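Chains as they are written, first to last, in the numbering used here: chain A, 1 to 225; chain B, 226 to 325.
A couple of the hints might just be wrong.
Listed below are several chain B residues computed to face chain A (Cβ distance under 10 angstroms; list not exhaustive) [unchecked claim]: (1) Ser227; (2) Leu236; (3) Val247; (4) Val257; (5) Ala268; (6) Val275; (7) Gly282; (8) Ser315; (9) Phe325.
Here are the simulated distance ranges between beta carbons [what the hints assert, rightly or not]: (10) A:Ile193 - B:Ala323: 49 to 57 angstroms; (11) A:Lys221 - B:Ser227: 39 to 47 angstroms; (12) B:Thr253 - A:Leu151: 26 to 34 angstroms; (13) B:Val309 - A:Leu152: 28 to 36 angstroms.
Think of the hints as simulated: they come from the structure by calculation, not from any bench.
In this text, all values refer to a predicted model and were calculated from it rather than measured experimentally.
C-beta: ideal position from N, C-alpha, C; glycine also.
Single-letter residue listing:
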Amino acid sequence: MLLDRLDPELRPVATASATVGVVIGAFGAVFGVASVAAGSSVLQACVMSLLVFTGASQYSAVSVVADGGSTAAALSSSLLLAARNGVYGLTMARVLRGSLVRRLVAAHLLLDESTAMATAQTGRRHQATAFWVTGVAVFVFWNLGTLGGALLGSEIDTARWGLDAAVPAGFVAMVWPQFATREGRIAGLVGAIVCLVTIPFVPIGMSVLCAAVAVLVGVRKERPA
Amino acid sequence: MSWTLVIALGLGAYAFKVLGLVVIGARTLPPVVERCLALIPAALLSALIVKDTFSVGHDLVLDARAAGVAVAVVATWRRAPIPVVIVLGSAVTAIVRAAF
């Protein structure tokens, strides 16, 4: 086992991080199913998971395409969601040092999960271990899950199995930690209302982008949750 | 799904990651900007949930998906693991759809 070669002090962190990766495989499978249901090929689903490698943005793109939204509509809200990985980069820059190549590889692994696991640790070595193990584990299982889901989705009637609800159910699990703060809850509520109100009037998929106005909740000074 | 979308999203998503980690690095942004950026997932994911649950194209609808997503919300609130949330949400949607 790879874990046996690791400093014993770092093993619990590495094990917990690897477990996160396995769970994310389920998310990847749902993405694969939803992606082919939205009309992508198995190859497109897999290339997207390899290159884009940020779950919420991929789900968002597929969700807009499935509704018949334009590439521009799909791209705009997905890129906005991807912007948060840049913020994670700012946080992790204090932990992830080393050569340029090493940091360029680390950049691809910047995710909700890898950042969350790293920031939950104390000390730079533990944080770096949590980041790398979570990032690599999620990368492996996210892509395997995508392939499995895409192959499965090509074979079955997704509506009959209720898999059209798997994507919003996945979003519920993804968004939940964001509601830990008062600002997060208000932004979520405002975003949902703006989206519903604009759906009938704006081009398909753009209602999600309109919901971004809710981030202005952050202009006010933060108050305790 | 177009290849343009796949490639453009791939490049854009990686550009944001490199911008944060390598280009800006450990420097800090104005607090108000950081606070607004931190709220993007809450706002957009909530919007995606209601869109995927209550709409078809430009029409607002109430169908079996609402039941499935409601169960997913309860399961998440009760701290169910992610795969369980996804399976429950899908299963309830399928059952309600088949029943009515």
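Status of the hints after comparison with the structure:
1. Contact between Ser227 (chain B) and chain A, as hinted, is supported at the beta carbon level, the nearest pair being about 5 angstroms apart and thus within 10 angstroms.
2. Evaluation of the Leu236 (chain B) hint against chain A yields a held restraint, the C-beta minimum of about 8 angstroms falling below 10 angstroms.
3. Checking Val247 (chain B) against chain A: minimum C-beta separation of about 5 angstroms stays under 10 angstroms; hint holds.
4. For the restraint placing Val257 (chain B) at the interface with chain A, the shortest Cβ-Cβ distance is roughly 6 angstroms, inside the 10 angstroms limit, so the hint holds.
5. Given the 10 angstroms rule on beta carbons, the hint for Ala268 (chain B) holds: about 3 angstroms separates it from the nearest Cβ of chain A.
6. With 10 angstroms as the threshold, the beta carbon of Val275 (chain B) comes within range of chain A, its nearest partner Cβ sitting at about 5 angstroms, so the hint holds.
7. At a threshold of 10 angstroms, the smallest CB-CB gap from Gly282 (chain B) to chain A is about 6 angstroms, leaving the interface hint in force.
8. Interface restraint check: Ser315 (chain B) against chain A, minimum CB-CB distance 4 angstroms, threshold 10 angstroms, status holds.
9. Evaluation of the Phe325 (chain B) hint against chain A yields a violated restraint, the C-beta minimum of about 13 angstroms exceeding 10 angstroms.
10. For Ile193 (chain A) paired with Ala323 (chain B), a C-beta distance near 32 angstroms fails the hint of 49 to 57 angstroms.
11. The beta-carbon spacing between Lys221 (chain A) and Ser227 (chain B), approximately 43 angstroms, falls within the hinted interval of 39 to 47 angstroms.
12. Our hint of 26 to 34 angstroms for Thr253 (chain B) and Leu151 (chain A) is violated, since their Cβ atoms are close to 45 angstroms apart.
13. Take Val309 (chain B) and Leu152 (chain A): their Cβ atoms lie about 19 angstroms apart, and the range 28 to 36 angstroms is violated.
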